[in-house]
Amino acid sequence: MRKLTPMTRAAGILLLLMLPAPIVIVFGASFNGTGYIQFPPESLSLRWYVEAFTDPRWGRAVLTSLWIAAVTATLITAISFLAAYFTLRYAPRISSWLELAIFSPLFFPHASMGVAAVALMAGMGIVGTPWAIILAHLMVTIPFSYRPIHVALKSVDPDLIRAAEVMGASEMRALWDIVLPICRSGILTSLLFTGIISFDEVTVTMFLIGPDITTLPVQIFTFIQDDASPVLAAISTLSVVITFIAILVLERVAGLSFFVQRQSG
Amino acid sequence: MTHPATTQAAAIGSIDIEKVSKSYGDAEVLSEVSLSIPAGSFLTLLGPSGCGKTTLLRLIAGFIDPTRGRIRIDGRDMTQVPTQKRPIGMVFQNLALFPHFSVAENIAYGLKLQRRPQTEIAERVGRFIQLVGLAGLGDRRIAQLSGGQKQRVALARSLVLEPSILLLDEPLSALDLQLRKQLQFALKDIQRQLRTTFVFVTHDQEEATMISDRIVVMSNGHVQQVGSPQEIYADPQNLFVSKFIGEVNELPGRLRAAGSTLAIETGAGTFELPAAVARGMNPAAGDNVVMCLRPEKITLLDGGAQPGPGMVSAEARILDTLVIGPLTRVTLDVAGTRMTAVQMTDRLGAAAPGERIRIAFPADAARVFAPLTASLARAFGEHA
Numbered sequence: 001m002r003k004l005t006p007m008t009r010a011a012g013i014l015l016l017l018m019l020p021a022p023i024v025i026v027f028g029a030s031f032n033g034t035g036y037i038q039f040p041p042e043s044l045s046l047r048w049y050v051e052a053f054t055d056p057r058w059g060r061a062v063l064t065s066l067w068i069a070a071v072t073a074t075l076i077t078a079i080s081f082l083a084a085y086f087t088l089r090y091a092p093r094i095s096s097w098l099e100l101a102i103f104s105p106l107f108f109p110h111a112s113m114g115v116a117a118v119a120l121m122a123g124m125g126i127v128g129t130p131w132a133i134i135l136a137h138l139m140v141t142i143p144f145s146y147r148p149i150h151v152a153l154k155s156v157d158p159d160l161i162r163a164a165e166v167m168g169a170s171e172m173r174a175l176w177d178i179v180l181p182i183c184r185s186g187i188l189t190s191l192l193f194t195g196i197i198s199f200d201e202v203t204v205t206m207f208l209i210g211p212d213i214t215t216l217p218v219q220i221f222t223f224i225q226d227d228a229s230p231v232l233a234a235i236s237t238l239s240v241v242i243t244f245i246a247i248l249v250l251e252r253v254a255g256l257s258f259f260v261q262r263q264s265g
Numbered sequence: 001m002t003h004p005a006t007t008q009a010a011a012i013g014s015i016d017i018e019k020v021s022k023s024y025g026d027a028e029v030l031s032e033v034s035l036s037i038p039a040g041s042f043l044t045l046l047g048p049s050g051c052g053k054t055t056l057l058r059l060i061a062g063f064i065d066p067t068r069g070r071i072r073i074d075g076r077d078m079t080q081v082p083t084q085k086r087p088i089g090m091v092f093q094n095l096a097l098f099p100h101f102s103v104a105e106n107i108a109y110g111l112k113l114q115r116r117p118q119t120e121i122a123e124r125v126g127r128f129i130q131l132v133g134l135a136g137l138g139d140r141r142i143a144q145l146s147g148g149q150k151q152r153v154a155l156a157r158s159l160v161l162e163p164s165i166l167l168l169d170e171p172l173s174a175l176d177l178q179l180r181k182q183l184q185f186a187l188k189d190i191q192r193q194l195r196t197t198f199v200f201v202t203h204d205q206e207e208a209t210m211i212s213d214r215i216v217v218m219s220n221g222h223v224q225q226v227g228s229p230q231e232i233y234a235d236p237q238n239l240f241v242s243k244f245i246g247e248v249n250e251l252p253g254r255l256r257a258a259g260s261t262l263a264i265e266t267g268a269g270t271f272e273l274p275a276a277v278a279r280g281m282n283p284a285a286g287d288n289v290v291m292c293l294r295p296e297k298i299t300l301l302d303g304g305a306q307p308g309p310g311m312v313s314a315e316a317r318i319l320d321t322l323v324i325g326p327l328t329r330v331t332l333d334v335a336g337t338r339m340t341a342v343q344m345t346d347r348l349g350a351a352a353p354g355e356r357i358r359i360a361f362p363a364d365a366a367r368v369f370a371p372l373t374a375s376l377a378r379a380f381g382e383h384a
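Chains as they are written, first to last, in full-length UniProt numbering: chain A, 1 to 265; chain B, 1 to 384.
Hints listed in this document are in silico derivations from the structure and should not be mistaken for laboratory results. Watch out, some of these pointers could steer you wrong.
To be verified - Under the rule of at most 30 Å between Cα atoms (straight-line distance), these lysine-lysine pairs were calculated in the DSS-like manner:
(1) B:Lys181 / B:Lys150
(2) B:Lys297 / A:Lys154
(3) A:Lys154 / B:Lys85
(4) B:Lys85 / B:Lys112
Claimed, not checked - If you want a taste of the chain A side facing chain B, the calculated C-beta under 7 Å gives, among others:
(5) Val156
(6) Asp159
(7) Arg162
(8) Val166
Claimed, not checked - Ranges of calculated distance between the beta carbons of each label pair, as one might list FRET restraints:
(9) B:Ala143 / A:Val253: 16 to 24 Å
(10) A:Ile94 / B:Gly286: 27 to 35 Å
(11) B:Asp213 / A:Arg173: 48 to 56 Å
(12) B:Pro99 / A:Val253: 17 to 25 Å
(13) A:Arg93 / B:Thr373: 28 to 36 Å
(14) B:Gln80 / A:Leu180: 47 to 55 Å
(15) B:Ala143 / A:Val240: 35 to 43 Å
(16) B:Gln80 / A:Asp212: 30 to 38 Å
(17) B:Ser21 / A:Glu99: 34 to 42 Å
(18) A:Glu99 / B:Gln193: 29 to 37 Å
From the three backbone atoms N, C-alpha and C, an ideal C-beta is built for every residue, glycine too.
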């Protein structure tokens, strides 16, 4: 490889420092003792964390976001797995068309998807319920779920399923015993990414919240329009911590390799 | 499980293929194949790639359904029976071992599906690990095994369920020659011990003749000939089989007369042969034919020696000799046509390249066939 000039090296280091900068600023601001968001903090205090934990609105929003993320990630991963498996095995010819359809949410602006979602779900009468949010999140997350699972499934030799069937396994049994464990890294990637995306989603979700339900990022957004309180910095820091813990846990369970698409099975 | 009416009692492990055809769209990959596979035999489906042998195996396994025709196993019609319910085992070309299981777990999988008791599973897995010569390797991961060991796991995994039929889809094709030979003998030995019906697919004619009791030569979706390795070698029924099995000298020619003797005009001269050497055709004067002669049927005549009774002779020039231990390959120019003769080295005398000699062969050792059809010729990369 070519040696880096001092200039490119400096630029690279600067860029790498810029990436986590917002997190550092939010983190610093959350410990500020004064009543507005400020970096570096003027005085140190935990009062905003106390407020975040004592104000029930925040706790409720965090719990709502967590369970919606968990349900979304599980559902979309199951849907993607079955869709990818059955297309690959029984209708490989429509595979590329299906992929195009599945990736189409990536091409649409989230705001127009929000409008479409609210129109659709108002018709179904579920706006303002968690199901509307979950349904919308399924739409938003499917490309991020289908892709890693499709790649993992493609590397599974179809004769493995036939071998299990010759030994007496039903197709579902072969899926569970053989295909699922081999695709573990793709499935965990899907669970993690879709969970994080759902936990973070603002634009589409804003259209669908109701008086009884709101998610954490929407709550933050709504809140900041009224009041730029440092409690938001504390909440943001906490949500970064939650995401980080999720990654750590999965890393322990699955190994770092699941972040990288493996070349072969 | 339902038992469709079995009219005649069929032996356990027998397969009857009745006029089976398989098409994908317009392309017919198997045409009206009929075949009886007796219980306990080691049968090989042999043919070039694309001949339909793997398709036939997959039809027996039930991975695909025939377009027309019927397959019976143990006398029972299998048309409506899914793979899971067929009394078969299978060894796949790429082995299809479960990479996330150990050797013992791979072998135990089928028994676990049958909910056998733990002690029985352990006992049988142990027994079959022994049988295939993998003792002590039960805890190994699949990735830790050599190619030959993987083969043995695949074999044990199918045999532990004691199927009456084992299907093998070119399982040795990925191995080097030495290991291949070893496993061919191991397979044959295991088959003799268990008396399981083995249906083995290969494109390697040497492997087929070494390993099997019966060979089915296939090409272009048709069965060309069924017989023991000796029958297929010594008495091929058409030019395709003759060319595909072993080595053969081919002399294209024309029938000048066809009666009780055939007079064949070839580039190497005109030969008079008994009518009985024609196979798979009704010889008539004017037909284009191919005369075939195995290299070991040709004798080099010493000095002025005369051909014996029933022998046909021709002038030849020696182009080259190649001593391979007890045998010597002699390349000959017979009136412009290259031919190969195989002789016992110690009986060769002073044959030297450039020397003019006479060759002879028994008239009834030659075979006369119709030329290959265009589609069969393609299997050899020839243009008819």
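Now for the hints, and whether the structure bears them out:
1. B:Lys181 / B:Lys150: holds, 16 Å
2. B:Lys297 / A:Lys154: Distance ~54 Å between lysine 297 of chain B and lysine 154 of chain A Cα, so the pair is violated.
3. A:Lys154 / B:Lys85: holds, 27 Å
4. B:Lys85 / B:Lys112: Judged against 30 Å, a Cα distance of about 16 Å means the pair holds.
5. Val156: This hint is violated: valine 156 of chain A lies away from chain B, its Cβ roughly 10 Å from the closest one there, beyond 7 Å.
6. Asp159: Holds: closest Cβ of chain B sits about 4 Å from aspartate 159 of chain A, inside 7 Å.
7. Arg162: holds, 6 Å
8. Val166: holds, 5 Å
9. B:Ala143 / A:Val253: 16 to 24 Å: Holds, at about 21 Å.
10. A:Ile94 / B:Gly286: 27 to 35 Å: violated, 56 Å
11. B:Asp213 / A:Arg173: 48 to 56 Å: Given range 48 to 56 Å: violated, Cβ gap about 36 Å.
12. B:Pro99 / A:Val253: 17 to 25 Å: holds, 19 Å
13. A:Arg93 / B:Thr373: 28 to 36 Å: holds, 33 Å
14. B:Gln80 / A:Leu180: 47 to 55 Å: violated, 29 Å
15. B:Ala143 / A:Val240: 35 to 43 Å: holds, 39 Å
16. B:Gln80 / A:Asp212: 30 to 38 Å: Given about 55 Å between the Cβ atoms, the range is violated.
17. B:Ser21 / A:Glu99: 34 to 42 Å: At 35 Å between Cβs, range holds.
18. A:Glu99 / B:Gln193: 29 to 37 Å: Since glutamate 99 of chain A and glutamine 193 of chain B have Cβ atoms about 50 Å apart, the given range 29 to 37 Å is violated.
Violated hints, listed in ascending order, are 2, 5, 10, 11, 14, 16, 18; each of the other numbered hints is respected by the structure.
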